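Trainee: Each residue of the sequence shown is one higher than the last, beginning at 1006 in the numbering used here.
It is worth saying that the hints were derived from the structure and are not from the lab. No experiment lies behind these values; they were computed from the predicted model shown. One or more hints might be untrue.
With a Cα cut of at most 20 Å, we get these calculated EDC-like pairs of lysine to aspartate or glutamate [what the hints assert, rightly or not]:
{"hint": "1", "residue 1": "K1260", "residue 2": "E1205"}
{"hint": "2", "residue 1": "K1080", "residue 2": "D1179"}
{"hint": "3", "residue 1": "K1080", "residue 2": "D1344"}
{"hint": "4", "residue 1": "K1336", "residue 2": "E1122"}
{"hint": "5", "residue 1": "K1080", "residue 2": "E1122"}
{"hint": "6", "residue 1": "K1260", "residue 2": "D1200"}
{"hint": "7", "residue 1": "K1080", "residue 2": "D1297"}
{"hint": "8", "residue 1": "K1080", "residue 2": "D1119"}
{"hint": "9", "residue 1": "K1080", "residue 2": "E1067"}
{"hint": "10", "residue 1": "K1260", "residue 2": "D1194"}
{"hint": "11", "residue 1": "K1260", "residue 2": "D1209"}
{"hint": "12", "residue 1": "K1260", "residue 2": "D1308"}
If you anchor each label on the Cβ, the simulated ranges turn out as follows [what the hints assert, rightly or not]:
{"hint": "13", "residue 1": "E1205", "residue 2": "L1267", "range": "27 to 35 Å"}
{"hint": "14", "residue 1": "G1289", "residue 2": "Q1331", "range": "30 to 38 Å"}
{"hint": "15", "residue 1": "L1267", "residue 2": "A1076", "range": "16 to 24 Å"}
{"hint": "16", "residue 1": "A1343", "residue 2": "A1301", "range": "15 to 23 Å"}
{"hint": "17", "residue 1": "T1222", "residue 2": "R1077", "range": "37 to 45 Å"}
The beta-carbon is built from N, C-alpha and C at its ideal position, and this holds for glycine as well.
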Amino acid sequence: MQPFVEQYLTELIDEPKAAGDKPPPWWRRHNRLFWILISVTAAAVILCCTYIYLIGNVRQIEVTPEYLGGARPPKGSTGALNILLVGSDQQEIKNGGNAGERTDTIMLVHLSADRNEAAIVSFPRDSMVRLPACRSREGFPGQRPHVGMINSSFNYGIGCTWKTIESLTGIHIDHFVQLDFGGFRGIVDAIGGVDICIPEPIQDRYAQLNVPAGWQTLHGEQALAYVRARHSIGDGTDIGRIQRQQYFISAMARKAVGREILLHPARLLGLLNAATRSFTTDAGLTPAVMRDLALAAIRLSFDDIRFFTTPWRYSITSPGRVEWRQGSARKLFRLIAADQPLTDFDVGSVEPVALGPAVSDKPGGTTSQVQTATCSVGVQVGANQ
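Using the sequences and the hints, build the whole thing.
Mentor: Below, the structure is given as C-alpha cells:
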C-alpha cells in the first residue's frame, strides 16, 4: 500500500502539464483510487442493506413485565444470558377454526458471561409439573394453577411458557426465540441437508418417515420428521425424541459453521435468510443482542457446548408421563442461575443411548467409530431415572 500512495502523491504533485493541453477528468487520472472507493462504498451499501433485510425478517412480539409477574427470579450479575427456545407448529383448531400452535420442543440455552461456554437444557414435554397462573393475553385465556404437562402452558401464549419455566427452575430468562417447524425445514435445506447416523432402519407411518440404517443425508421434510417422531423409533418415548433432537441440532450446527457454508456467500445468505424468516423473538432481543449471540456462536468450540435433559423418572401417578428428580434438577438449575461451570455436574447413572457419532466421525473423518453394517455408537446426553 505504501509504494502505491507514494506514486500517487508524486503524480499528483509533480506531473508536468503540456502547454495548451486540457487535463483529463480526475477519475481518469486517478483511475485506481476511483475504483477502490467505488468498490468499498458498494460493498458497505450491500452489507448494510443485507443486514437491514435480515433483521427485518425476524418477527417480534412484546412480553410485558406485568404478564411475567412480579415474583420473577432475580437477574444474575455476571452478564450471562438465558434464552428460552421453543419449537412450534401452527395448526387449525377444530372447534372454531382459529389458528393455534403446539410445541413439543422446549429448551433453555445458557451462555456464560465470558461467552466461552454454553449449556442447552431440554425439558421433556411429557413432564408433569406445577403450572403457574397466567393472565389472559391477546385472545389467550388465562391459565389457572394446576399440575399438568409442561408443554400445555404454550396454549396460553409464549409468555405463559416463559413464566412457567422461570417458576419451575428459578432461572431468570432474558429472551425467547420461537422457531416454527416450516422454518426448520428451510434451514436444513439451505445448508444442503444434514448428515447423521441412523443406527437402525426407521419405518414410522405416523411421521411418514422411512430411512434405512447407516449414514444418511436428511433434507427438510425428512429432517423434521426425524426430530419430531416418537413412534417406532427407540423406546417410543419423548426422552428418545429429545436425544435425537440434541444429536441433530449438534450435527446441523457443525455443518452451518463449516467451510462449505461460511466461505460461500450465496449459501451463507440463504442460510441467514431461512433462519431469520423462521424466528419470532421478544422485542428486547435487539439487533445488537442478536449480533452478540451470532459472534458468540461462531467463537464457541463444540467441546464447549453441553446438552442436558432435565433429570427425570417415570411417573407412578400418571402412566406414560415423567416427573423430575427434584434433587438433581434443583442442583442443575442452581448452577445455571449462578453461571457456574457444569463440567462436574453429576447427572446420575445413565445408560449410553445409541444416537450415532458426531459428524466428524463419519467415514473419512478423523475419529471414526463406525461399524461396517451400521454406524451406532453410545452417546451420553442427559439424565434418566
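Trainee: So, for every hint listed, does it hold in this structure?
Mentor: Tested hints:
{"no.": "1", "hint": "K1260 to E1205", "in the structure": "violated, 23 Å"}
{"no.": "2", "hint": "K1080 to D1179", "in the structure": "holds, 8 Å"}
{"no.": "3", "hint": "K1080 to D1344", "in the structure": "holds, 11 Å"}
{"no.": "4", "hint": "K1336 to E1122", "in the structure": "holds, 18 Å"}
{"no.": "5", "hint": "K1080 to E1122", "in the structure": "holds, 19 Å"}
{"no.": "6", "hint": "K1260 to D1200", "in the structure": "holds, 9 Å"}
{"no.": "7", "hint": "K1080 to D1297", "in the structure": "holds, 19 Å"}
{"no.": "8", "hint": "K1080 to D1119", "in the structure": "holds, 16 Å"}
{"no.": "9", "hint": "K1080 to E1067", "in the structure": "holds, 19 Å"}
{"no.": "10", "hint": "K1260 to D1194", "in the structure": "holds, 12 Å"}
{"no.": "11", "hint": "K1260 to D1209", "in the structure": "violated, 26 Å"}
{"no.": "12", "hint": "K1260 to D1308", "in the structure": "holds, 15 Å"}
{"no.": "13", "hint": "E1205 to L1267: 27 to 35 Å", "in the structure": "holds, 34 Å"}
{"no.": "14", "hint": "G1289 to Q1331: 30 to 38 Å", "in the structure": "holds, 31 Å"}
{"no.": "15", "hint": "L1267 to A1076: 16 to 24 Å", "in the structure": "violated, 44 Å"}
{"no.": "16", "hint": "A1343 to A1301: 15 to 23 Å", "in the structure": "holds, 20 Å"}
{"no.": "17", "hint": "T1222 to R1077: 37 to 45 Å", "in the structure": "holds, 44 Å"}
The structure is inconsistent with the numbered hints 1, 11, 15, although it conforms to all the rest.
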